[in-house]
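> Take these sequences, add in the hints, and give me the full structure.
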Amino acid sequence: MMAMKKMLEQEPSEIEMLLPFHAAGTLSARDAKRVEEALASDPELAKQYAVIREEYAETIGLNESLGAPSARAMAKLFAAIDGEPARKPSMSGRVSAGISGFFASLSPRTLAWSASLGAVVLLAQAGVIGAVLVKNEQPATFQTASLSTNEPITRSMVPEAPRALVKFAPDARVADITTLLDSYQASIVDARGGMFRLQFGTRAMSRDELAGLMNRLKSEKIVTLAVATP
Amino acid sequence: MQVLYGRHHVRVFRFGIRLVRDEQVAEDLISEVFLDVWRQAGKFEGRSAVSTWLLAITRFKALSALRRRKDVELDDEAANAIEDAADDPEVSVQKKDTSQALRKCLSALSPEHREIVDLVYYHEKSVEEVAEIVGIPENTVKTRLFYARKKLADLLKAAGVERGWP
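In order, the protein sequence lines correspond to chains A and B.
Take the first sequence: its letters are residues 1 to 230, numbered as in the working numbering.
Take the second sequence: its letters are residues 1 to 166, numbered as in the working numbering.
What the hints contain is simulated information worked out from the structure, not anything from laboratory work.
Take the hints with a grain of salt, since some may be wrong.
Said to hold, decoys possible - Per label pair, the in silico range of CB-to-CB distance:
| id | chain 1 | residue 1 | chain 2 | residue 2 | range |
| --- | --- | --- | --- | --- | --- |
| 1 | B | Lys150 | A | Pro85 | 46 to 54 Å |
| 2 | B | Gln24 | A | Lys33 | 45 to 53 Å |
| 3 | A | Glu36 | B | Lys150 | 22 to 30 Å |
| 4 | B | Met1 | A | Gly67 | 16 to 24 Å |
| 5 | A | Glu36 | B | Arg67 | 38 to 46 Å |
| 6 | B | Gly42 | A | Lys221 | 42 to 50 Å |
| 7 | B | Gly160 | A | Lys221 | 17 to 25 Å |
| 8 | A | Asp42 | B | Arg69 | 42 to 50 Å |
| 9 | A | Thr179 | B | Ala158 | 26 to 34 Å |
What the hints assert, rightly or not - Straight-line distance between alpha carbons at most 30 Å, and here's what the computed BS3-like set of lysine-lysine pairs gives:
| id | chain 1 | residue 1 | chain 2 | residue 2 |
| --- | --- | --- | --- | --- |
| 10 | A | Lys47 | B | Lys43 |
| 11 | B | Lys157 | A | Lys47 |
| 12 | A | Lys33 | B | Lys151 |
| 13 | A | Lys218 | B | Lys150 |
| 14 | B | Lys150 | A | Lys47 |
| 15 | B | Lys157 | A | Lys218 |
| 16 | B | Lys150 | A | Lys33 |
| 17 | B | Lys43 | A | Lys76 |
| 18 | A | Lys218 | B | Lys43 |
Unchecked claim - Derived list of chain A stretches under chain B, where covered just means 3 residues or more per stretch with a C-beta under 8 Å from a C-beta of chain B:
| id | stretch |
| --- | --- |
| 19 | 19–30 |
| 20 | 67–73 |
| 21 | 197–205 |
Glycine included, each C-beta is placed from N, C-alpha and C at the ideal position.
Written as structure tokens, this is what we have:
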């Protein structure tokens with residue numbers, strides 16, 4: 001504790017100032033390695049990092065609780081766009097260039113996770129196709145040919161089921177993630193950057209049950225962050 | 001535009017509402033931001049992520065909206081925010097609930113500190129991206145975040161929550 005206080009009285013070290021960025025996973029590979037090495041050799045720094053991870057999780061929780069804008073904002077925007085003068089033809093080319101730039105600017109981490117998510121979705125789709133084929137081989141019972149596309153691919157959900165934002169360890173394999181999803185009866189409902197929004201089961205949970213679930217999740221080796229969200 | 005709006009409007013709204021602290025103003029803000037994007041799409045050169053560009057525009061619009069408010073109103077708001085963190089009996093009652101206290105104190109940070117915490121932790125922006133959005137040098141990004149965290153620790157301490165740092 002004394003050492004920490006002394007640390008604060010002085011100017012913070014470069015590594016110390018990089019800790020929040022390390023928690024958010026936005027450092028370059030070189031800086032991330034420097035921070036990892038410092039954390040491994042400095043218990044005081046590691047203690048501060050634990051505090052930072054708590055702040056990180058609560059900042060996400062706080063922002064997620066802010067809700068979303070009403071449809072009014074979108075209606076206002078598109079009414080304003082309708083009132084704009086016609087665009088020049090070169091615009092589409094510029095937008096294409098912008099979109100290309102957007103993909104080019106994604107970090108390797110984001111691209112890797114997007115690829116992982118794609119793999120998970122492919123596996124889930126394969127599962128659904130397999131299930132449909134097996135079902136069709138069973139003795140004929142009358143059924144309609146339609147399959148609802150509004151339902152999530154992996155399992156049916158109800159809005160009351162708890163949800164959480166989860167971040168997996170960078171070295172987590174797709175097989176580990178799918179095993180975890182199965183063991184928690186969880187489905188991926190959304191993803192952004194390196195974070196996944198999971199929905200657990202199909203029933204509502206009490207606050208205590210949810211807290212227990214989050215603690216279990218946080219203790220999983222491949223989970224680096226789990227925050228309950230609405 | 002619908003795809004771009006669908007992908008980013010919630011984050012733009014949340015960044016905006018944390019700056020202006022008014023849902024109505026934040027909703028107006030997102031319409032203005034995306035209208036600007038529609039008008040200036042040709043200026044986007046792809047050197048930064050689309051979300052970084054959007055957050056920079058949102059910040060500019062939010063500050064303009066705040067400037068339109070009377071200075072007196074702003075001072076009152078800032079004072080209330082500080083009192084909230086230190087004196088609100090709710091925070092004291094929730095001493096043991098670090099999570100709740102943390103969220104309360106995160107909301108009580110100054111706008112300058114709030115935005116940097118949100119950009120790094122929630123919007124997952126790098127040092128370089130935050131520097132671009134806020135318009136400050138990269139070293140200032142790092143020191144500002146450090147002192148925002150220190151302020152957060154002070155607020156928590158005043159609310160009776162000790163976390164072992166500092």
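> How does the Cβ-Cβ distance of Glu36 (chain A) and Arg67 (chain B) compare with 38 to 46 Å: does it lie in that range?
Cβ of Glu36 (chain A) to Cβ of Arg67 (chain B): about 43 Å, so the range 38 to 46 Å holds.
> Take the C-alpha atoms of Lys157 (chain B) and Lys47 (chain A), compute the straight-line distance between them, and say whether it is at most 30 Å.
Roughly 17 Å between the alpha carbons, so the hint for Lys157 (chain B) and Lys47 (chain A) holds.
> Would the hint linking Lys150 (chain B) and Lys33 (chain A) be met if the CA-CA limit is 30 Å?
holds (25 Å)
> Is Lys33 (chain A) within 30 Å of Lys151 (chain B), Cα to Cα?
holds (28 Å)
> Within 30 Å, alpha carbon to alpha carbon, are Lys150 (chain B) and Lys47 (chain A)?
OK: Lys150 (chain B) and Lys47 (chain A) at ~15 Å, within 30 Å.
> Within 26 to 34 Å or not, the Cβ separation of Thr179 (chain A) and Ala158 (chain B)?
violated (45 Å)
> Does Lys218 (chain A) pair with Lys43 (chain B) here, judged by a C-alpha cut-off of 30 Å?
violated (43 Å)
> Could you see if the CB distance from Gly42 (chain B) to Lys221 (chain A) stays within 42 to 50 Å?
48 Å Cβ-Cβ, so the 42 to 50 Å window holds.
> With a Cβ-Cβ cutoff of 8 Å, does the stretch 197–205 of chain A contain at least three residues near chain B?
violated (count 0)
> Would you check the hint for Lys47 (chain A) and Lys43 (chain B), treating anything up to 30 Å between C-alpha atoms as holding?
It is violated: about 45 Å lies between the C-alpha atoms, which goes past 30 Å.
> Are the Cα atoms of Lys157 (chain B) and Lys218 (chain A) separated by 30 Å or less?
Satisfied, since the Cα-Cα distance of roughly 26 Å is no more than 30 Å.
> Does the Cβ distance between Asp42 (chain A) and Arg69 (chain B) fall inside 42 to 50 Å?
Because 45 Å falls inside the window, the suggested range holds.
Comparing the model with each earlier hint shows violations of hints 7, 9, 10, 18, 21; every other hint is respected.
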